[in-house]
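Visitor: In case you want the letters, here they are:
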Amino acid sequence: MTAAPSPASFVTPAHGLGVRLEHLGKQFGAKRVLDHIDLAIPAGQFVAIVGKSGCGKSTLLRLVSGLDEPSSGRIVFDGAHDGEALRIMFQEPRLLPWARVLSNAEVGLPASVKGEQRHARAHAILAEVGLADRAGEWPSVLSGGQKQRVALARALASGPRLLALDEPLGALDALTRIEMQSLIERIWLEQRFTAILVTHDVSEALALADRVLLIDGGRVALDLDVPLPRPRQRGSAELARLEGRILDQLFAA
Amino acid sequence: MSLAELDSNVAAAPAPAPAEAPGRASGKPAARRPRFAAVESRIAGWVLPALLILGWEYLSETGFIAANVLPAPSAVALAGWNAIKSGELFHHMGVSSLRALAGLAVGGVIGLVFGIANGLWALSYRYTDTTLQMVRNVPHLALIPLVILWFGIDEEAKLFLVALGVFFPIYINTLHGVRTVDPQLIEMGRVYGMSRLTLFRRVILPGALPSIFVGLRFALGIMWLTLIVAETIAASSGLGYMAMQAREFLLVDIVVLAILIYALLGKLADVLTRWLERACLQWHPAFQTPAE
Ligand SMILES: Nc1ncnc2c1ncn2[C@@H]1O[C@H](COP(=O)(O)OP(=O)(O)O)[C@@H](O)[C@H]1O
Ligand SMILES: [Mg+2]
Numbered sequence: 001m002t003a004a005p006s007p008a009s010f011v012t013p014a015h016g017l018g019v020r021l022e023h024l025g026k027q028f029g030a031k032r033v034l035d036h037i038d039l040a041i042p043a044g045q046f047v048a049i050v051g052k053s054g055c056g057k058s059t060l061l062r063l064v065s066g067l068d069e070p071s072s073g074r075i076v077f078d079g080a081h082d083g084e085a086l087r088i089m090f091q092e093p094r095l096l097p098w099a100r101v102l103s104n105a106e107v108g109l110p111a112s113v114k115g116e117q118r119h120a121r122a123h124a125i126l127a128e129v130g131l132a133d134r135a136g137e138w139p140s141v142l143s144g145g146q147k148q149r150v151a152l153a154r155a156l157a158s159g160p161r162l163l164a165l166d167e168p169l170g171a172l173d174a175l176t177r178i179e180m181q182s183l184i185e186r187i188w189l190e191q192r193f194t195a196i197l198v199t200h201d202v203s204e205a206l207a208l209a210d211r212v213l214l215i216d217g218g219r220v221a222l223d224l225d226v227p228l229p230r231p232r233q234r235g236s237a238e239l240a241r242l243e244g245r246i247l248d249q250l251f252a253a
Numbered sequence: 254m255s256l257a258e259l260d261s262n263v264a265a266a267p268a269p270a271p272a273e274a275p276g277r278a279s280g281k282p283a284a285r286r287p288r289f290a291a292v293e294s295r296i297a298g299w300v301l302p303a304l305l306i307l308g309w310e311y312l313s314e315t316g317f318i319a320a321n322v323l324p325a326p327s328a329v330a331l332a333g334w335n336a337i338k339s340g341e342l343f344h345h346m347g348v349s350s351l352r353a354l355a356g357l358a359v360g361g362v363i364g365l366v367f368g369i370a371n372g373l374w375a376l377s378y379r380y381t382d383t384t385l386q387m388v389r390n391v392p393h394l395a396l397i398p399l400v401i402l403w404f405g406i407d408e409e410a411k412l413f414l415v416a417l418g419v420f421f422p423i424y425i426n427t428l429h430g431v432r433t434v435d436p437q438l439i440e441m442g443r444v445y446g447m448s449r450l451t452l453f454r455r456v457i458l459p460g461a462l463p464s465i466f467v468g469l470r471f472a473l474g475i476m477w478l479t480l481i482v483a484e485t486i487a488a489s490s491g492l493g494y495m496a497m498q499a500r501e502f503l504l505v506d507i508v509v510l511a512i513l514i515y516a517l518l519g520k521l522a523d524v525l526t527r528w529l530e531r532a533c534l535q536w537h538p539a540f541q542t543p544a545e
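Chains U and V, in that order, are what the protein sequence lines are. If you read the first sequence in our numbering, its first letter stands for residue 1, the second for the next number, and so on. If you read the second sequence in our numbering, its first letter stands for residue 254, the second for the next number, and so on.
Rather than coming from a laboratory, the hints here were simulated on the basis of the structure. Note that beta-carbon positions come from the ideal geometry of N, C-alpha and C, so glycine has one too. Among these hints, one or two may not hold up.
With beta-carbon atoms standing in for the labels, derived distance ranges [as the list claims (entries may be wrong)]:
| # | chain 1 | residue 1 | chain 2 | residue 2 | range |
| --- | --- | --- | --- | --- | --- |
| 1 | U | G136 | V | A516 | 38 to 44 Å |
| 2 | U | E243 | V | P436 | 34 to 40 Å |
| 3 | U | R74 | V | I439 | 23 to 29 Å |
| 4 | V | A290 | U | E116 | 44 to 50 Å |
| 5 | U | A174 | V | Q541 | 17 to 23 Å |
| 6 | V | Q541 | U | G29 | 43 to 49 Å |
| 7 | V | E440 | U | E190 | 27 to 33 Å |
A short, non-exhaustive set of chain U residues, derived as facing chain V with CB atoms under 7 Å [to be verified]:
| # | residue |
| --- | --- |
| 8 | G25 |
| 9 | I88 |
| 10 | S140 |
Here are a few chain U residues that sit away from chain V, every Cβ distance over 10 Å (derived from the structure) [to be verified]:
| # | residue |
| --- | --- |
| 11 | E22 |
| 12 | E69 |
| 13 | S143 |
| 14 | R186 |
| 15 | V202 |
| 16 | G217 |
| 17 | Q249 |
Could you put together the complete structure from these sequences and hints?
Guide: Shown next as structure tokens:
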């Protein structure tokens, strides 16, 4: 709170990191989960990935964020980038229970940021997600939605150029979920990182994304642009039409 | 060997805070009952021991219990006072406490190091765990004759036995703690670029700490037990020695005094550990005071 830098000051202007997947494949033992995925995601795009449970959405995200190695093909980023440029947000908050909220947000900062600077930047990013007043709390006293907001703050702390989100809102109730969607959209509009959001909720994908990818049988079964203005009108005819198309494709397969 | 120990610790702790809260809120007239309840819950555990001591004193006074079997509490207190005045009591207490702490430090550090190493590295686990588990099955007190042959009745003998006794609970619980740290948190730490040292310091060690404390509290029990046996059998100072010498001269009051002091020191160690635990595990929901 004291001498908080302006909300956007922790972001270096740049920004999105584009990525290309070339013939990307992944198998676990004999089981082929992803099969020759070819995909180009331009810098700053908000992509949503939908698909049935177990179709390999998380696997794809783990490959992009470097948590796993592909079995075949490769991932090419647009130009050089450091470790802090790529961040992943998980379905669970994965906060350190023994660290206060502020200290949890600091986990996302590069090691090069030291001392007072660390606290100031973590504070600024907590303010961004609306939790500045909870900085001194233990995670265990926060609600599910608040925990996930701390996790978002931690993911954003380094000013990532690509943010991978693996069903981060999956465990939240409907109202909290809508609130979080707006928060994510607002921050993305400010910072313009490349966002890859995995979700099992087609309406969530359409509310947030520029482009929706449907994964099925280890391939991209549908690649749909969503050229609608933001913020999107929930329940609009246009969204309903797109949702129908995606669901048809999902169950046709 | 789980958090059950921690839970029982919490369950046993009186909870004055919630009882006081309504009283503070609703002003003076209503404050009396909650305050009484708070005092009552605090002293409830001491009522029975106090009654027992009073009964014991009464039975001794009336001669129902012979003084050469069990001296009256007042006689024990007097013996204690005399031993304090002569400086003898504190000398023996100091010697015993120092032995206990030295043994705990040596055995505890070795247990901690092996527990952490074997929890982190499969190679070290494969090569040492079986051996350590085998040694565990030898009751360490059975080694007393051998230890006397090796070290005589010097300090090394006591140090060796206590260290050996406390090693296992610390080792087992540290190992368990390190191995059961949430793998999702470890993965998070890796993705967020923590160095190996940072990962250990910020994720693995704090995650294992509750389990390490369980080990420490088991170890404290074993520590006193080992020391009592060792000092009683082979020593030339310390509380056990004081008790055995008193037995030779039929000073039953000193014998009882020594037993009570052992109990007191054991209790003290337990209280200190709980205090340390509370300080280190503030984040744990089981240790959070409702006021926060
Ligand atoms: N580490 C692993 N080892 C073996 N099989 C795995 C592993 N990770 C994922 N799988 C399998 O890959 C498939 C896709 O998993 P995942 O990407 O998690 O699906 P989802 O689309 O639900 O996120 C599943 O059938 C799962 O069982
Ligand atoms: Mg998944």
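Visitor: Just tell me: holds or violated, for the beta carbon distance of Q541 (chain V) and G29 (chain U) against 43 to 49 Å?
Guide: Distance hint for Q541 (chain V), G29 (chain U) holds at roughly 45 Å.
Visitor: Closest CB-CB distance from S143 (chain U) to chain V, is it above 10 Å?
Guide: holds (14 Å)
Visitor: If I take the minimum Cβ distance from E69 (chain U) to any residue of chain V, is it greater than 10 Å?
Guide: holds (14 Å)
Visitor: Going by Cβ atoms, does V202 (chain U) stay more than 10 Å from chain V at every point?
Guide: Label holds. Min Cβ-Cβ 27 Å, cutoff 10 Å.
Visitor: CB of E243 (chain U) to CB of P436 (chain V), is that within 34 to 40 Å?
Guide: holds (36 Å)
Visitor: Could you let me know if the closest chain V CB is still more than 10 Å away from the CB of Q249 (chain U)?
Guide: holds (32 Å)
Visitor: Between A174 (chain U) and Q541 (chain V), does the beta-carbon spacing fit 17 to 23 Å?
Guide: Taking Cβ atoms as reference, A174 (chain U) and Q541 (chain V) lie about 30 Å apart, which means the hint is violated.
Visitor: Minimum Cβ distance from S140 (chain U) to chain V below 7 Å?
Guide: holds (5 Å)
Visitor: Mind checking the hinted window 44 to 50 Å against the Cβ distance between A290 (chain V) and E116 (chain U)?
Guide: holds (47 Å)
Visitor: Tell me if I88 (chain U) is really an interface residue toward chain V, meaning its C-beta lies closer than 7 Å to one of theirs.
Guide: It holds, given that the least Cβ distance between I88 (chain U) and chain V is near 6 Å, below 7 Å.
Visitor: Would you check whether G25 (chain U) satisfies its interface hint, that is, whether its CB is within less than 7 Å of any CB in chain V?
Guide: violated (22 Å)
Visitor: With d taken as the least Cβ-Cβ distance between R186 (chain U) and chain V, does d exceed 10 Å?
Guide: Consistent with the label, R186 (chain U) stays out of reach of chain V, its closest Cβ about 23 Å off (over 10 Å).
In the structure shown, a violation is registered for the earlier hints numbered 5, 8, in ascending order.
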